[in-house]
Amino acid sequence: MADYKIHLLVCGGTGCKSSESLILADRLRNEIGNQGLSDVAQVVGTGCFGFCDKGPIVKIIPGNTFYTLVKPADAKEIVEEHVVKGRKVSRLLYKDPKTEKIITEPDGMEFYKKQVRIVLRNCGVIDPENIQEYISRDGYAALGKVLTTMTPEETIAVIKKSGLRGRGGAGFPTGLKWEITRQSPGPEKYVVCNADEGDPGAFMDRSVLEGDPHSVIEAMAINGYCTGASKGLVYIRAEYPLAVERLKTAIKQAREYGFLGDDIFGTSFSFDISIRYGAGAFVCGEETALIHSMEGHRGEPTMKPPFPSVKGYLGKPTNVNNVETFASIPVIINKGYEWYSSIGTEKSKGTKVFALAGKVNNVGLIEVPIGITLREVIYEIGGGIKNGKKFKGVQIGGPSGGCLTTKHLDTPIDYETLIAAGAMMGSGGMIIMDEDDCMVDVAKYFLDFTVDESCGKCTPCRVGNKRMHELLINITKGNGTPEDIDRLINLGNVIKDTSLCMLGQSAPNPVLSILDNFREEYQAHIQDKKCPSGVCKDLMIYEIVPENCVGCTACARACPVGAITGERKEIHRIDPSLCIKCGACMDRCKFNAVIVN
Amino acid sequence: MEMVKLTIDNKHIEVPKGTTIHKAAKQVGIEVPTLCYMDLGDLKIEHKPGGCRVCVVEVEGRRNLAPSCSTEVTEGMVVKTHSIRVLNARRTVMELLLSDHPKECLTCAKSGNCDLQNMAIKMGIREIHNQDISEMSTYRMDFSPAIIRDMNKCIMCRRCETMCNDFQTVGALSAINRGFMSVVAPAFEMDLEDSVCTYCGQCVAVCPTGALTEVDHTRRLIRDLSNPSKTLVVQTAPAVRAALGEMFDLPAGTLVTGKMVSALRTLGFKYIFDTDFSADLTIMEEGTEMLDRLTRHLNGDKSVRLPILTSCCPGWVNFFESQFIDMLEIPSTARSPQQMFGSIAKTYFADKIKVKREDLIVVSIMPCLAKKYECTRDEFKVGGNPDVDYSVSTRELAHLIKQANIDFHSLPDEEFDLPLGASSGAGVIFGTTGGVIEAAVRTAYELFTNKKLERLDFKELRGMEGIREATIDFNGLPVKIGIAHGLGNARKLLEDIRSGKSSYHAIEIMACPGGCIGGGGQPLHHGKFDILKKRMAAIYREDASKPIRKSHENPYIIKLYEEFLGKPLSERSHKLLHTHYVDKSKKIIYI
Numbered sequence: 001m002a003d004y005k006i007h008l009l010v011c012g013g014t015g016c017k018s019s020e021s022l023i024l025a026d027r028l029r030n031e032i033g034n035q036g037l038s039d040v041a042q043v044v045g046t047g048c049f050g051f052c053d054k055g056p057i058v059k060i061i062p063g064n065t066f067y068t069l070v071k072p073a074d075a076k077e078i079v080e081e082h083v084v085k086g087r088k089v090s091r092l093l094y095k096d097p098k099t100e101k102i103i104t105e106p107d108g109m110e111f112y113k114k115q116v117r118i119v120l121r122n123c124g125v126i127d128p129e130n131i132q133e134y135i136s137r138d139g140y141a142a143l144g145k146v147l148t149t150m151t152p153e154e155t156i157a158v159i160k161k162s163g164l165r166g167r168g169g170a171g172f173p174t175g176l177k178w179e180i181t182r183q184s185p186g187p188e189k190y191v192v193c194n195a196d197e198g199d200p201g202a203f204m205d206r207s208v209l210e211g212d213p214h215s216v217i218e219a220m221a222i223n224g225y226c227t228g229a230s231k232g233l234v235y236i237r238a239e240y241p242l243a244v245e246r247l248k249t250a251i252k253q254a255r256e257y258g259f260l261g262d263d264i265f266g267t268s269f270s271f272d273i274s275i276r277y278g279a280g281a282f283v284c285g286e287e288t289a290l291i292h293s294m295e296g297h298r299g300e301p302t303m304k305p306p307f308p309s310v311k312g313y314l315g316k317p318t319n320v321n322n323v324e325t326f327a328s329i330p331v332i333i334n335k336g337y338e339w340y341s342s343i344g345t346e347k348s349k350g351t352k353v354f355a356l357a358g359k360v361n362n363v364g365l366i367e368v369p370i371g372i373t374l375r376e377v378i379y380e381i382g383g384g385i386k387n388g389k390k391f392k393g394v395q396i397g398g399p400s401g402g403c404l405t406t407k408h409l410d411t412p413i414d415y416e417t418l419i420a421a422g423a424m425m426g427s428g429g430m431i432i433m434d435e436d437d438c439m440v441d442v443a444k445y446f447l448d449f450t451v452d453e454s455c456g457k458c459t460p461c462r463v464g465n466k467r468m469h470e471l472l473i474n475i476t477k478g479n480g481t482p483e484d485i486d487r488l489i490n491l492g493n494v495i496k497d498t499s500l501c502m503l504g505q506s507a508p509n510p511v512l513s514i515l516d517n518f519r520e521e522y523q524a525h526i527q528d529k530k531c532p533s534g535v536c537k538d539l540m541i542y543e544i545v546p547e548n549c550v551g552c553t554a555c556a557r558a559c560p561v562g563a564i565t566g567e568r569k570e571i572h573r574i575d576p577s578l579c580i581k582c583g584a585c586m587d588r589c590k591f592n593a594v595i596v597n
Numbered sequence: 001m002e003m004v005k006l007t008i009d010n011k012h013i014e015v016p017k018g019t020t021i022h023k024a025a026k027q028v029g030i031e032v033p034t035l036c037y038m039d040l041g042d043l044k045i046e047h048k049p050g051g052c053r054v055c056v057v058e059v060e061g062r063r064n065l066a067p068s069c070s071t072e073v074t075e076g077m078v079v080k081t082h083s084i085r086v087l088n089a090r091r092t093v094m095e096l097l098l099s100d101h102p103k104e105c106l107t108c109a110k111s112g113n114c115d116l117q118n119m120a121i122k123m124g125i126r127e128i129h130n131q132d133i134s135e136m137s138t139y140r141m142d143f144s145p146a147i148i149r150d151m152n153k154c155i156m157c158r159r160c161e162t163m164c165n166d167f168q169t170v171g172a173l174s175a176i177n178r179g180f181m182s183v184v185a186p187a188f189e190m191d192l193e194d195s196v197c198t199y200c201g202q203c204v205a206v207c208p209t210g211a212l213t214e215v216d217h218t219r220r221l222i223r224d225l226s227n228p229s230k231t232l233v234v235q236t237a238p239a240v241r242a243a244l245g246e247m248f249d250l251p252a253g254t255l256v257t258g259k260m261v262s263a264l265r266t267l268g269f270k271y272i273f274d275t276d277f278s279a280d281l282t283i284m285e286e287g288t289e290m291l292d293r294l295t296r297h298l299n300g301d302k303s304v305r306l307p308i309l310t311s312c313c314p315g316w317v318n319f320f321e322s323q324f325i326d327m328l329e330i331p332s333t334a335r336s337p338q339q340m341f342g343s344i345a346k347t348y349f350a351d352k353i354k355v356k357r358e359d360l361i362v363v364s365i366m367p368c369l370a371k372k373y374e375c376t377r378d379e380f381k382v383g384g385n386p387d388v389d390y391s392v393s394t395r396e397l398a399h400l401i402k403q404a405n406i407d408f409h410s411l412p413d414e415e416f417d418l419p420l421g422a423s424s425g426a427g428v429i430f431g432t433t434g435g436v437i438e439a440a441v442r443t444a445y446e447l448f449t450n451k452k453l454e455r456l457d458f459k460e461l462r463g464m465e466g467i468r469e470a471t472i473d474f475n476g477l478p479v480k481i482g483i484a485h486g487l488g489n490a491r492k493l494l495e496d497i498r499s500g501k502s503s504y505h506a507i508e509i510m511a512c513p514g515g516c517i518g519g520g521g522q523p524l525h526h527g528k529f530d531i532l533k534k535r536m537a538a539i540y541r542e543d544a545s546k547p548i549r550k551s552h553e554n555p556y557i558i559k560l561y562e563e564f565l566g567k568p569l570s571e572r573s574h575k576l577l578h579t580h581y582v583d584k585s586k587k588i589i590y591i
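In the order they appear, the protein sequences are chains A and B.
Read left to right, the first sequence gives residues 1 to 597 (the working numbering).
Read left to right, the second sequence gives residues 1 to 591 (the working numbering).
Think of the hints as simulated: they come from the structure by calculation, not from any bench.
Every clue listed holds true.
Derived DSS-like pairs: lysine-lysine, alpha-carbon spacing no greater than 25 Å straight-line: (1) B:Lys26 x B:Lys122; (2) B:Lys5 x B:Lys17; (3) B:Lys23 x A:Lys311; (4) B:Lys44 x B:Lys23; (5) B:Lys17 x A:Lys316; (6) B:Lys44 x A:Lys311; (7) B:Lys528 x B:Lys122; (8) A:Lys304 x B:Lys26; (9) A:Lys304 x B:Lys44; (10) B:Lys451 x B:Lys546; (11) A:Lys496 x B:Lys80; (12) B:Lys5 x A:Lys304; (13) B:Lys23 x A:Lys304.
Taking the hints into account, I'd like the entire structure generated from these sequences.
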């Protein structure tokens with residue numbers, strides 16, 4: 001076995017992978033080989049580091065040197081300078097935009113300072129395809145502890161006392177769910193991991209499955225022991241092929257090492273996991289629809305009660321938990337519930353992983369203690385709004401969530417305060433918006449999604465959301481009336497009140513929350529027929545400023561539909577009835593003569 | 001039994017645990033409106049997907065409104081069924097349904113009989129908002145020989161799916177696509193006539209809108225009735241006379257045989273005959289076939305398979321032709337009474353009245369939609385001319401009677417014409433489950449034992465349970481009989497046969513609940529399955545009132561054999577009254 005002196009950890013998360021990080025890793029291996037150092041320097045492909053804006057990332061230990069925006073062409077220099085000569089490649093180091101200082105280690109970075117990586121503890125550290133690396137970081141120790149020294153009741157008590165709540169969005173107390181499943185009569189029971197992660201822009205679960213799949217496997221086995229299930233199922237969306245591969249590899253290795261299968265750790269407990277694939281339906285992230293999909297039926301939700309813990313897969317008691325919830329379990333067992341419950345707020349314990357996206361400088365995957373304020377997330381961890389623009393709002397909870405604004409910046413983020421503010425924790429999507437985002441368009445965007453993903457079973461969601469969507473389209477086209485707002489509010493409230501499942505019940509949330517917080521933008525679209533942010537194309541009028549126009553005809557030649565007329569050296573004119581608002585004329589004009597109204 | 005106390009609209013009530021809010025409310029006289037919900041009572045299926053959201057009610061302490069059809073009561077629950085929150089929600093839900101529904105009530109086949117229309121009337125909907133920007137979910141029309149699917153009118157209540165998949169286990173319909181464009185369709189969106197659909201019509205019988213209707217031959221019939229160069233002959237199925245009255249507001253279970261005959265005569269049919277006559281004929285042929293197979297089997301003939309299965313139900317025939325092709329030699333080869341009638345009418349009777357086959361138009365009045373398809377089968381045509389030209393449902397007949405301004409109530413009771421209108425009580429009971437086999441037993445017993453039957457009423461063969469069995473003592477020989485109604489129940493018996501577990505000698509199968517009285521062409525029951533029981537009782541009443549109650553004692557049947565057919569299973573009988581079955585499974589795509 002090689003005695004490695006230096007390790008180069010290369011981020012293999014999908015974001016960095018699409019920026020050629022795997023090619024980079026291969027190049028590094030080649031260069032190391034060229035230097036004859038293959039037994040000294042190890043290149044490890046890890047899971048997501050989280051700092052996606054600055055990827056591909058290479059971290060070198062010992063020394064904790066954090067290289068950002070690394071390209072495959074940089075491999076030679078990194079090996080020659082850093083590996084061979086021990087000299088850091090300063091052009092690849094992270095430079096803090098505020099202080100302009102170079103920061104070599106992640107702990108010094110604003111992005112990482114306030115993060116507490118519990119769920120993501122192994123992402124960016126271990127090779128997810130090597131079970132030994134997982135084991136070396138207390139992997140499967142929790143399962144061993146539980147199976148050999150604790151009873152199911154004792155284990156459930158630990159989870160209950162930790163205060164862990166479901167991270168899929170609803171925030172149901174996890175320990176209680178495990179207890180209810182245990183109390184349901186067996187002997188046939190199931191453990192299901194909901195890895196359908198359907199929120200647009202969310203990649204928390206994906207990162208865990210790609211970067212640390214064993215954490216989920218271990219937790220599912222612990223759950224099986226506690227609830228009395230011997231079979232686990234992971235329902236994973238087919239759009240995550242890398243996560244599927246990593247999970248399959250991990251399951252295979254876990255079986256080889258005896259962590260799955262018969263008589264685990266020499267006890268009479270047997271447990272195994274199989275994988276089921278989604279087929280492109282967001283609604284199958286809803287637990288009853290997920291279960292029906294696994295049963296081979298149409299993925300449509302059904303009434304609760306009965307809850308899956310009582311009557312789930314194949315009519316048997318089934319414990320359904322989200323990936324992130326499961327990933328928290330082993331570390332709670334290992335480090336204790338007192339430690340875990342010391343993080344977070346009174347009613348919401350622990351950490352939450354968020355996918356920070358939108359108009360913020362540091363987009364990526366973050367894990368923060370619950371209770372952190374929005375201001376800290378956006379301005380410290382997030383590094384502030386991109387291009388120095390003004391913060392307008394943040395959509396939390398994706399298509400089921402609501403919009404928080406400047407007045408909520410100092411709100412601590414926890415389950416209850418978010419609901420009180422008209423939003424919800426959701427699965428962790430956080431989209432930051434600035435002055436250039438049109439809130440009406442944002443509402444329309446989310447409804448676009450839910451209308452497409454509705455299963456169609458119940459009237460309010462199938463027809464109601466569609467009708468709300470049509471009203472919003474109408475408003476963004478400039479044909480809205482003041483009655484439309486009343487109609488949106490009534491429709492939204494009735495849909496929330498009567499839909500069968502949470503998809504329908506929460507689909508109006510973005511619309512209603514944005515109406516609440518940004519009424520004036522709606523009114524501008526309806527009354528003034530204008531889009532203040534300049535986003536809604538149908539409300540934009542491209543005009544030529546006569547004072548600036550020199551008649552060079554560049555715009556007329558650029559126009560794809562011949563909407564601009566004018567003689568050479570004479571003031572040109574755009575015909576609004578032909579204009580398709582593509583903006584080509586504005587791009588071409590060197591005299592700032594084209595403006596958008 | 002654990003009881004639960006709750007309050008609904010300030011009324012206190014105590015009900016068993018597990019009762020839904022809707023059923024509890026009914027007990028205190030509160031009828032919460034429903035649309036997709038359907039309780040199939042005796043069929044042991046309760047369709048409550050909770051999809052339409054019309055039945056929502058307010059429950060104190062609950063965040064959102066609860067669907068009363070599928071929410072169980074809890075101790076101390078306080079329910080409000082018409083608070084302003086509920087009324088607003090219900091109205092908005094209805095408006096949404098109507099916003100995606102064609103506005104063509106005036107010309108819709110279901111107008112006046114439509115659950116959606118009735119709900120809109122009840123709620124006083126006067127406006128559908130934003131129609132100019134509202135997209136409609138559309139789908140192509142699907143025409144089959146018996147059923148028309150207009151999915152533009154579908155409200156996704158999923159009743160048809162439950163009937164087809166859960167009760168009938170045919171599996172022709174399922175929801176496809178997603179969201180606004182979701183629709184109910186056969187697999188791979190094929191047309192109904194290319195699918196495993198048996199045309200049993202139970203989907204039509206439960207559809208709350210005009211999405212599923214029958215192929216309507218009323219206009220064709222009016223044209224034929226006024227064509228002087230054609231001779232119009234009509235045959236009426238037994239189940240029609242027990243239900244037709246409901247279309248004229250008579251209580252369910254009123255027998256209207258005489259008035260039905262009178263109405264048909266007034267409409268202009270030249271000869272009013274009775275399918276019950278050919279039911280007697282079916283007994284002669286099938287009973288003889290049954291005895292033949294039974295005796296050969298008892299004598300050790302290994303080439304003969306038992307049980308023998310009845311074959312008069314075309315929905316049932318389609319079912320085994322598409323899903324049980326390994327057993328095509330088990331059913332009786334006898335044609336159905338409808339088809340035997342047509343065959344005899346266009347040969348024996350045509351000769352008697354000296355009318356050419358092509359100038360005779362034979363129309364059947366049936367409680368059934370599959371009969372519309374059965375007429376078109378190639379085996380039932382001679383030189384391209386069908387034995388039965390077309391079949392008209394009970395509902396269509398009622399509409400025709402109304403169109404002809406006939407006051408049904410004041411019609412006198414008239415008699416069928418002869419010779420093909422004479423029937424025994426055994427012919428009448430074909431209309432109900434258990435009736436065919438009871439009729440067969442009455443004849444087979446006497447033919448086999450050469451003894452007179454002491455009792456004619458075989459009550460052990462009667463009833464509503466899906467699968468029934470009885471052993472009839474044929475003078476020392478125990479004959480084991482099985483009966484199933486509903487194709488799901490038929491499937492169970494067939495699978496037993498397939499696996500060798502079946503010990504029956506004869507099995508009667510009807511595709512529709514209750515037998516033909518519950519057929520897809522009967523007056524709609526709107527979920528009140530009690531109506532079927534009343535129709536069934538009417539059928540047995542008519543049987544009991546007849547002077548002749550055994551098929552082989554029908555003098556006109558005796559005459560038909562003497563003059564024309566010779567004897568049952570003769571060469572001529574085989575040619576005119578028997579058939580063979582076709583492997584329809586190849587129409588299905590296997591992946």
